[in-house]
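From first to last, the protein sequence lines stand for chains U and F. Take 1 as the starting number for the first sequence in the numbering used here and just add one per residue. Take 1 as the starting number for the second sequence in the numbering used here and just add one per residue.
Some clues are possibly wrong.
It does not matter which identical chain is used: a pair holds within one copy or between any two.
[To be verified] Here are the simulated DSSO-like pairs of lysine-lysine, each with C-alpha atoms no more than 27 Å apart in a straight line:
1. Lys-167 x Lys-285
2. Lys-152 x Lys-167
3. Lys-285 x Lys-180
4. Lys-152 x Lys-180
5. Lys-167 x Lys-155
6. Lys-286 x Lys-167
7. Lys-171 x Lys-94
Hints listed in this document are in silico derivations from the structure and should not be mistaken for laboratory results.
There are 2 protein chains.
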Amino acid sequence: MFFEGSEKKAEIIVDAKQISLMNDLADSFWQTLVQCCNAHILSMIKNDDCKAFLLSESSLFIWHDRLLIITCGNTRLVHSVEYFIQQIGMAKIKQISYQRKNEYFAHAQLSSFGDDIALLGQYTNGKAFRFGELDGHHNYIFHQENDFQASKADKSYELIAYQICPKVSEKLTNVGLSGKEVREFLQLDRLLAGFIFDDFVFEPFGYSINAIKGKQFLTIHITPQASSSYVSIQANINLIALAPDFLRILAPKSIDLLSVNEEAFNQLTQQYLPKEYISKSLFQKKLSNNNLVSFANYILPQTVFSDAESLDVNDASHAL
Amino acid sequence: MFFEGSEKKAEIIVDAKQISLMNDLADSFWQTLVQCCNAHILSMIKNDDCKAFLLSESSLFIWHDRLLIITCGNTRLVHSVEYFIQQIGMAKIKQISYQRKNEYFAHAQLSSFGDDIALLGQYTNGKAFRFGELDGHHNYIFHQENDFQASKADKSYELIAYQICPKVSEKLTNVGLSGKEVREFLQLDRLLAGFIFDDFVFEPFGYSINAIKGKQFLTIHITPQASSSYVSIQANINLIALAPDFLRILAPKSIDLLSVNEEAFNQLTQQYLPKEYISKSLFQKKLSNNNLVSFANYILPQTVFSDAESLDVNDASHAL
Numbered sequence: 001m002f003f004e005g006s007e008k009k010a011e012i013i014v015d016a017k018q019i020s021l022m023n024d025l026a027d028s029f030w031q032t033l034v035q036c037c038n039a040h041i042l043s044m045i046k047n048d049d050c051k052a053f054l055l056s057e058s059s060l061f062i063w064h065d066r067l068l069i070i071t072c073g074n075t076r077l078v079h080s081v082e083y084f085i086q087q088i089g090m091a092k093i094k095q096i097s098y099q100r101k102n103e104y105f106a107h108a109q110l111s112s113f114g115d116d117i118a119l120l121g122q123y124t125n126g127k128a129f130r131f132g133e134l135d136g137h138h139n140y141i142f143h144q145e146n147d148f149q150a151s152k153a154d155k156s157y158e159l160i161a162y163q164i165c166p167k168v169s170e171k172l173t174n175v176g177l178s179g180k181e182v183r184e185f186l187q188l189d190r191l192l193a194g195f196i197f198d199d200f201v202f203e204p205f206g207y208s209i210n211a212i213k214g215k216q217f218l219t220i221h222i223t224p225q226a227s228s229s230y231v232s233i234q235a236n237i238n239l240i241a242l243a244p245d246f247l248r249i250l251a252p253k254s255i256d257l258l259s260v261n262e263e264a265f266n267q268l269t270q271q272y273l274p275k276e277y278i279s280k281s282l283f284q285k286k287l288s289n290n291n292l293v294s295f296a297n298y299i300l301p302q303t304v305f306s307d308a309e310s311l312d313v314n315d316a317s318h319a320l
Numbered sequence: 001m002f003f004e005g006s007e008k009k010a011e012i013i014v015d016a017k018q019i020s021l022m023n024d025l026a027d028s029f030w031q032t033l034v035q036c037c038n039a040h041i042l043s044m045i046k047n048d049d050c051k052a053f054l055l056s057e058s059s060l061f062i063w064h065d066r067l068l069i070i071t072c073g074n075t076r077l078v079h080s081v082e083y084f085i086q087q088i089g090m091a092k093i094k095q096i097s098y099q100r101k102n103e104y105f106a107h108a109q110l111s112s113f114g115d116d117i118a119l120l121g122q123y124t125n126g127k128a129f130r131f132g133e134l135d136g137h138h139n140y141i142f143h144q145e146n147d148f149q150a151s152k153a154d155k156s157y158e159l160i161a162y163q164i165c166p167k168v169s170e171k172l173t174n175v176g177l178s179g180k181e182v183r184e185f186l187q188l189d190r191l192l193a194g195f196i197f198d199d200f201v202f203e204p205f206g207y208s209i210n211a212i213k214g215k216q217f218l219t220i221h222i223t224p225q226a227s228s229s230y231v232s233i234q235a236n237i238n239l240i241a242l243a244p245d246f247l248r249i250l251a252p253k254s255i256d257l258l259s260v261n262e263e264a265f266n267q268l269t270q271q272y273l274p275k276e277y278i279s280k281s282l283f284q285k286k287l288s289n290n291n292l293v294s295f296a297n298y299i300l301p302q303t304v305f306s307d308a309e310s311l312d313v314n315d316a317s318h319a320l
């Protein structure tokens with residue numbers, strides 16, 4: 001069974017003088033917003049600074065002055081962004097950014113990145129870039145073009161793990177797996193001391209967790225099945241420093257690192273990444289909204305043949 | 001300007017006692033066959049053993065007992081296979097194989113591999129495999145399931161080059177470029193002594209060449225533009241031995257090698273591939289039709305940042 005783990009992501013920063021996303025909008029607003037991309041809310045945790053919704057397809061985080069929504073599968077996230085724009089109005093919005101990772105099954109998606117930004121283009125001017133090679137892992141990033149300048153202190157990180165170790169895949173596809181077992185397996189109590197957690201184990205496979213502590217967040221979404229394994233870890237805490245732990249636990253054959261405003265990206269990756277991972281691609285650009293985006297893909301060199309994956313010829317689904 | 005270089009490929013082996021594809025079928029038959037996938041014939045060369053058609057989208061080769069058709073772009077090659085089956089009949093067909101590389105722009109294709117083999121499934125049973133990782137370069141291969149056993153002597157090779165050196169890209173996108181210039185640049189007279197050539201320079205970019213000598217063939221298709229460069233070299237002569245020459249000329253950042261029935265794949269790649277290319281994936285399987293398929297992807301490790309690719313936000317075409 002295949003599942004499209006690859007995610008779309010939108011961040012919207014609002015003018016906190018005009019609106020507080022935490023205080024001024026009811027949960028029903030967010031419910032409708034996520035329904036616009038065919039997702040729904042599973043559960044929620046919050047503190048004074050952040051509200052974190054666990055979704056049927058990934059996560060929604062709300063702070064006073066911004067939101068971050070991440071969705072996987074066959075959602076059309078841009079429709080949720082459109083709903084937000086239509087309800088709140090561009091006048092209160094300081095910056096919209098919209099990101100999309102290349103998919104495993106692009107042909108099965110409801111829209112392409114080009115379609116999505118054409119829709120956003122009805123509301124705002126913007127610029128778009130590709131980080132990563134066209135024939136390899138890459139991220140498309142669109143951002144609104146206006147006088148907004150991001151703070152250098154607003155850092156964020158993504159660590160994506162592909163082709164996790166078969167034993168990990170097996171463990172995480174166990175029937176009856178509990179959230180507690182996954183949290184222990186990922187050593188989250190140790191790695192994220194002081195965070196509160198909210199997680200969900202999907203049927204038949206899949207795991208999501210949101211973790212928050214003050215303004216800090218971390219979210220993990222796992223598509224564990226060996227045929228299309230994908231583990232996405234996203235946070236505004238330094239994931240490059242946490243990479244050695246996650247790589248030891250997941251033992252993936254390939255990883256992506258993406259950071260926004262991590263000036264020390266190069267030094268950190270050299271310091272923390274195990275030397276057996278070889279850098280396949282390295283991209284960096286300072287966007288005109290002042291965000292410094294860095295992207296890297298690393299691989300483990302292969303020395304022995306793998307067997308070809310046998311496919312079900314009667315499964316003429318999106319998976320082929 | 002983007003172009004989908006990635007190819008689909010079909011090989012059909014017939015019972016030479018019942019039909020000779022060289023002698024018994026008029027060129028008008030092949031004209032109609034290639035039109036079925038929205039390609040057309042540009043030119044043809046032949047000798048006693050082989051007829052090679054250069055197509056608007058790649059190539060068609062005919063031998064007495066088999067055909068090989070390769071098409072790129074947005075063709076639906078499986079419709080040409082269907083036409084052949086309908087006209088010739090399954091009784092004269094000993095083996096059909098159908099292969100598809102993962103595309104740059106899968107969402108823009110008219111069909112997926114799953115769709116294609118569902119259509120073939122109306123005419124024959126078959127098996128399908130994926131060579132290569134789902135999140136990296138890979139080839140889907142379908143083959144008819146019957147008592148056919150391929151001869152070990154039937155070897156074939158593919159060498160695909162990605163992200164060719166910017167200077168090569170520049171050279172091959174020169175306005176007014178001639179076939180002679182490309183042949184000289186690729187040193188084909190030296191590398192393919194005794195072969196006869198038939199080539200075509202496309203507007204605004206692109207180059208195709210067929211080369212034959214007795215039963216031997218080699219074909220090269222070049223999508224030169226830097227944003228989506230793709231050079232496909234396919235042959236039934238040993239391309240692994242020729243790889244050092246092509247790699248020196250094209251200087252790509254990544255290459256795929258695929259071979260059928262090359263028992264010495266491992267030794268040859270170790271002998272011929274420059275050591276700076278690191279093996280990212282290695283797949284091998286003996287299919288039940290006796291074909292031994294080997295696939296490998298190699299990369300050049302990156303040490304410096306590339307700039308992100310700036311995209312045209314108004315180009316909501318298939319390219320994004």
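Quick rundown of the hints versus the structure:
no.: 1; hint: Lys-167 x Lys-285; result: between (37 Å within a copy, 23 Å between copies)
no.: 2; hint: Lys-152 x Lys-167; result: neither (40 Å within a copy, 36 Å between copies)
no.: 3; hint: Lys-285 x Lys-180; result: neither (40 Å within a copy, 40 Å between copies)
no.: 4; hint: Lys-152 x Lys-180; result: neither (36 Å within a copy, 54 Å between copies)
no.: 5; hint: Lys-167 x Lys-155; result: neither (33 Å within a copy, 37 Å between copies)
no.: 6; hint: Lys-286 x Lys-167; result: between (40 Å within a copy, 26 Å between copies)
no.: 7; hint: Lys-171 x Lys-94; result: neither (44 Å within a copy, 44 Å between copies)
In summary, the numbered hints that this structure violates are 2, 3, 4, 5 and 7.
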